[in-house]
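J.: Residues per chain are reported as follows:
Protein chains: 4
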Amino acid sequence: MEQKPVCLVIGAGAGIGGNVGIRFARAGYHAVLCRRSDAEGLERLVETIKGEGGSASGFLLNAVKPGTIEDRVAAVEADIGPIQVAIYNLGAQIGDRSLADTSDKAFEMGWRLATFGLFRTARAVCPLMADRGSGTIIATSATAAMRGNKGQHSHAAAMGGRRMLCQSLNAEFGPKGVHVAHVVIDGAVDAPDTLGRMLGPEAFQQLRETRGMEHDGLLLPAEVAETYYHLSQQHRSAWTHEIDLRPFSALPWWNH
Amino acid sequence: MEQKPVCLVIGAGAGIGGNVGIRFARAGYHAVLCRRSDAEGLERLVETIKGEGGSASGFLLNAVKPGTIEDRVAAVEADIGPIQVAIYNLGAQIGDRSLADTSDKAFEMGWRLATFGLFRTARAVCPLMADRGSGTIIATSATAAMRGNKGQHSHAAAMGGRRMLCQSLNAEFGPKGVHVAHVVIDGAVDAPDTLGRMLGPEAFQQLRETRGMEHDGLLLPAEVAETYYHLSQQHRSAWTHEIDLRPFSALPWWNH
Amino acid sequence: MEQKPVCLVIGAGAGIGGNVGIRFARAGYHAVLCRRSDAEGLERLVETIKGEGGSASGFLLNAVKPGTIEDRVAAVEADIGPIQVAIYNLGAQIGDRSLADTSDKAFEMGWRLATFGLFRTARAVCPLMADRGSGTIIATSATAAMRGNKGQHSHAAAMGGRRMLCQSLNAEFGPKGVHVAHVVIDGAVDAPDTLGRMLGPEAFQQLRETRGMEHDGLLLPAEVAETYYHLSQQHRSAWTHEIDLRPFSALPWWNH
Amino acid sequence: MEQKPVCLVIGAGAGIGGNVGIRFARAGYHAVLCRRSDAEGLERLVETIKGEGGSASGFLLNAVKPGTIEDRVAAVEADIGPIQVAIYNLGAQIGDRSLADTSDKAFEMGWRLATFGLFRTARAVCPLMADRGSGTIIATSATAAMRGNKGQHSHAAAMGGRRMLCQSLNAEFGPKGVHVAHVVIDGAVDAPDTLGRMLGPEAFQQLRETRGMEHDGLLLPAEVAETYYHLSQQHRSAWTHEIDLRPFSALPWWNH
Chain A
38 MEQKPVCLVI
48 GAGAGIGGNV
58 GIRFARAGYH
68 AVLCRRSDAE
78 GLERLVETIK
88 GEGGSASGFL
98 LNAVKPGTIE
108 DRVAAVEADI
118 GPIQVAIYNL
128 GAQIGDRSLA
138 DTSDKAFEMG
148 WRLATFGLFR
158 TARAVCPLMA
168 DRGSGTIIAT
178 SATAAMRGNK
188 GQHSHAAAMG
198 GRRMLCQSLN
208 AEFGPKGVHV
218 AHVVIDGAVD
228 APDTLGRMLG
238 PEAFQQLRET
248 RGMEHDGLLL
258 PAEVAETYYH
268 LSQQHRSAWT
278 HEIDLRPFSA
288 LPWWNH
Chain B
38 MEQKPVCLVI
48 GAGAGIGGNV
58 GIRFARAGYH
68 AVLCRRSDAE
78 GLERLVETIK
88 GEGGSASGFL
98 LNAVKPGTIE
108 DRVAAVEADI
118 GPIQVAIYNL
128 GAQIGDRSLA
138 DTSDKAFEMG
148 WRLATFGLFR
158 TARAVCPLMA
168 DRGSGTIIAT
178 SATAAMRGNK
188 GQHSHAAAMG
198 GRRMLCQSLN
208 AEFGPKGVHV
218 AHVVIDGAVD
228 APDTLGRMLG
238 PEAFQQLRET
248 RGMEHDGLLL
258 PAEVAETYYH
268 LSQQHRSAWT
278 HEIDLRPFSA
288 LPWWNH
Chain C
38 MEQKPVCLVI
48 GAGAGIGGNV
58 GIRFARAGYH
68 AVLCRRSDAE
78 GLERLVETIK
88 GEGGSASGFL
98 LNAVKPGTIE
108 DRVAAVEADI
118 GPIQVAIYNL
128 GAQIGDRSLA
138 DTSDKAFEMG
148 WRLATFGLFR
158 TARAVCPLMA
168 DRGSGTIIAT
178 SATAAMRGNK
188 GQHSHAAAMG
198 GRRMLCQSLN
208 AEFGPKGVHV
218 AHVVIDGAVD
228 APDTLGRMLG
238 PEAFQQLRET
248 RGMEHDGLLL
258 PAEVAETYYH
268 LSQQHRSAWT
278 HEIDLRPFSA
288 LPWWNH
Chain D
38 MEQKPVCLVI
48 GAGAGIGGNV
58 GIRFARAGYH
68 AVLCRRSDAE
78 GLERLVETIK
88 GEGGSASGFL
98 LNAVKPGTIE
108 DRVAAVEADI
118 GPIQVAIYNL
128 GAQIGDRSLA
138 DTSDKAFEMG
148 WRLATFGLFR
158 TARAVCPLMA
168 DRGSGTIIAT
178 SATAAMRGNK
188 GQHSHAAAMG
198 GRRMLCQSLN
208 AEFGPKGVHV
218 AHVVIDGAVD
228 APDTLGRMLG
238 PEAFQQLRET
248 RGMEHDGLLL
258 PAEVAETYYH
268 LSQQHRSAWT
278 HEIDLRPFSA
288 LPWWNH
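So the sequences go chain by chain: A, B, C and D.
Going by our numbering, the first residue of the first sequence is number 38, and it counts up by one from there.
Going by our numbering, the first residue of the second sequence is number 38, and it counts up by one from there.
Going by our numbering, the first residue of the third sequence is number 38, and it counts up by one from there.
Going by our numbering, the first residue of the fourth sequence is number 38, and it counts up by one from there.
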């Protein structure tokens, strides 16, 4: 395999993750795309990239199982090349649930996916990046990292933890040349296999038609990917740690 | 036992928790004091309160074991009386540790103590309070809930999760008459069995002598307890959700 | 005049300011009540306090005129006694206005009242308090200090400036024994001569009836005053810089 | 003059403003560069851009004088073309000054430059951009917009006002297609005519040598300009309102 820089995407579905993979592949990176299930969809994504002349590999990865992330990082470094950019794109949104309807298990699963998985990813890649004196870690985050809404007990706790973890990672690894960025996705993403699955096909289509004014009232993942790419290219004299993204027509989280 | 309102303190050591118990007992509450270990210290605390003419019970409670918090809440409601105020005072500070020195276990333990324990407490007491149309939950929190410093991977992630959880709890239960308050303890507390244990007796004594200008350069837990008591007495037309506390001589977390 | 500690209230109408004056007078302070107009209302407030056995003086004061605040502070110190607590309670809410409808003059007036007036007050009282090694300054603030909503160009800019000013004041004067507190009033106050005047009597009465569930869906100023008093009595080992207040039934500013 | 899109820069010195002008000119914009003084430096900047094959005009503009910004905007629209991007880059940092050393005049000047000037700019350009359904306003902001440090009374109040104003502008004009971005420059900029002037040539050179590890321990304005350009090119389905920028080696404002 050619010696391209590697962009590892954990959580590479048809939304932000997949589009970030496509964007980096276009820029000459080898995209390593990981997702929990849907081997076919993963294969299609890899083929899409290859069809454009890009380079990509796909792996199924269950991020809540011990050792999976760690092993994947080690295998990528050994078999493909040094990971220059790592995108942690696993969410933990389960829709609004009252406290009574939020089980211990659901609460813990939120943490495992959104907080602990990022911690494990960072523990695997940060030392490698620090040794090389460079690298970028971008965590896709959510409004729930900034404020806890009604029904968001599991999600908000998990994302609030993620945000503070990103700050601690940045405090330790920034001076070692590792760029850690926390991206607050503050709106609904036009992503069929997360939002679409949560809402169901009809409600999702309706939302697209209502809010997707000229197709841009929802966050378009391909456009989100442009900003991820920009972040990865920032010169180390002018790094961003936190940035928000929302459609022009959406109310920011702080307004109401 | 007389029909006093009950103040449950989870994490009742010699620092904020114990002093909050004493303060509420002085105001006519029955203090239910829970801590993980040191049965003798717990007994001394109960006796101190009784010696002042107050009313208190003490229980050992390992908050990371399943069912312990839930069972204690049920037993207190059955045997002592309705919990009017619940103080969640368990911290998860383990000192500064590099990412490499933060094990999966340490990271998970922070979450279990600081985030999940509060969630379980809330799930046990919130429905009872909501049914009664009143009640107060106060979470002792930390600077690490507001920003992640170097070496604070576990603590910051856990406290960041706690903060967002408090906001979600407030969003659901505030309108039902349950007052949820998040108290940011933004400084070192003059507490022998947490800070004292972490620093060791000599360093702790030195800190007291250096920073404890006229005994108030560290947060005095008895003074902190005054504000906890005030929060519990706020009229529901003017509730506080978030408040910070620090010594006059300390730099707030946002300055440097 | 007896040697009571003095509580100076700038902006003492029938809402928070007047009630804070009453609360401090009940606790043994001499309340110095200043407001721009309505000499009769001011006189009634002074008489109310005196009728309760308290001690108070009233002065008309146009805070946007140069020298007025400074002269009043000097006169109070000379004629009545040392100002121990200063409450800056002037708001600058002018209702929602589009940018086109916000004149240069309106924008500047917001700043003069909400930001510059506090700066001038601080410049007058901080040195006196720092010399005495103690004192409390409480600024009544608003949601608009935390986020800028649509139509709030003047108000949000003014209050955002006030908040940052409070932090700078605290950073300089906290270690000198002067307690600076920024109180975020995050909801509508049951105050006839500010909210009432803005809405008009009918809409105000309707709001009271709709939102004032059992008279506490609006912020009751007498209850707000309890927290102001508590802040002034906090021991310097455990000071609060920022605190929010809202009715139990209101959505906090960060939720929507 | 050719029909290039116009990028107006208010505050175009040798730091961020000038470099932003250069960056946009390289991308095909006509850069309109405004600064208060130093006609020669301004002319050099215009010539630099023209020498690269770019297009630029320069104007002296005293932003604190009434009508100056408004007239310049009108003249640019009439004589050069529609302003597509407006950069408000005037700062108000005057170094650390105690409250006693901060005169009324200094406090007011901070507001005039940092808050009121942006308001006036927005009032001039927002309606034009809203009519056209597109446009970008980027405000260069500072750490002092996020927290008030010791000695920053004037600067923090001014920048805190600027931040809230940006949020209100965004709330009104975002849905009309006008992108408002608030850029938090959280570190020292390698800018000879602001930081350099404030520190003096020797201290500035020393800072560059100490902090400018391989020339990137200070914010390099040409690199900052890359992010400004990216912001202006974001698709309206994924806009950023707030972003921070600092050198990799610098402590973010929230850490200490």
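Worth flagging that the hints you see were computed from the coordinates, not collected in a lab.
Hints may contain errors.
In this list, chains with the same sequence are indistinguishable; a pair is considered to hold if it fits within one copy or across any two.
[Stated by the list, open to error] Subject to a maximum C-alpha distance of 30 Å in a straight line, what follows is the list of computed BS3-like cross-link-like pairs (lysine-lysine):
| # | residue 1 | residue 2 |
| --- | --- | --- |
| 1 | K213 | K142 |
| 2 | K102 | K142 |
| 3 | K213 | K41 |
| 4 | K41 | K142 |
| 5 | K87 | K142 |
| 6 | K41 | K87 |
| 7 | K87 | K213 |
J.: 30 Å Cα cut-off: does K87 pair with K213 within a copy, between copies, both or neither?
T.: Neither way: K87 and K213 sit 34 Å apart in one copy and 39 Å across, limit 30 Å.
J.: Using 30 Å as the alpha-carbon threshold, which applies to K87 and K142: within, between, both, or neither?
T.: For K87 and K142, the Cα distance exceeds 30 Å both inside one copy (39 Å) and across copies (40 Å).
J.: Measure nothing new, just compare the shortest in-copy and cross-copy C-alpha distances for K41 and K142 to 30 Å and report within, between, both or neither.
T.: Classified as neither: same-chain Cα gap 41 Å, cross-chain 35 Å, threshold 30 Å.
J.: Evaluate K102 and K142 at a C-alpha cut-off of 30 Å and name the case that applies: within, between, both or neither.
T.: both (15 Å within a copy, 14 Å between copies)
J.: Pop the pair K41 and K87 into one bin, within, between, both or neither, using alpha-carbon distances up to 30 Å.
T.: Within one copy only: 14 Å inside a chain, 37 Å across chains, cut-off 30 Å.
J.: Tell me, please, which holds for K213 and K41 at an alpha-carbon limit of 30 Å: within, between, both or neither?
T.: within (23 Å within a copy, 42 Å between copies)
J.: Should K213 paired with K142 be assigned to within, between, both, or neither, using CA atoms and 30 Å as the limit?
T.: Between copies only: 25 Å across, 37 Å inside.
Checked against the numbered hints given earlier, the structure breaks hints 4, 5, 7 and satisfies all the rest.
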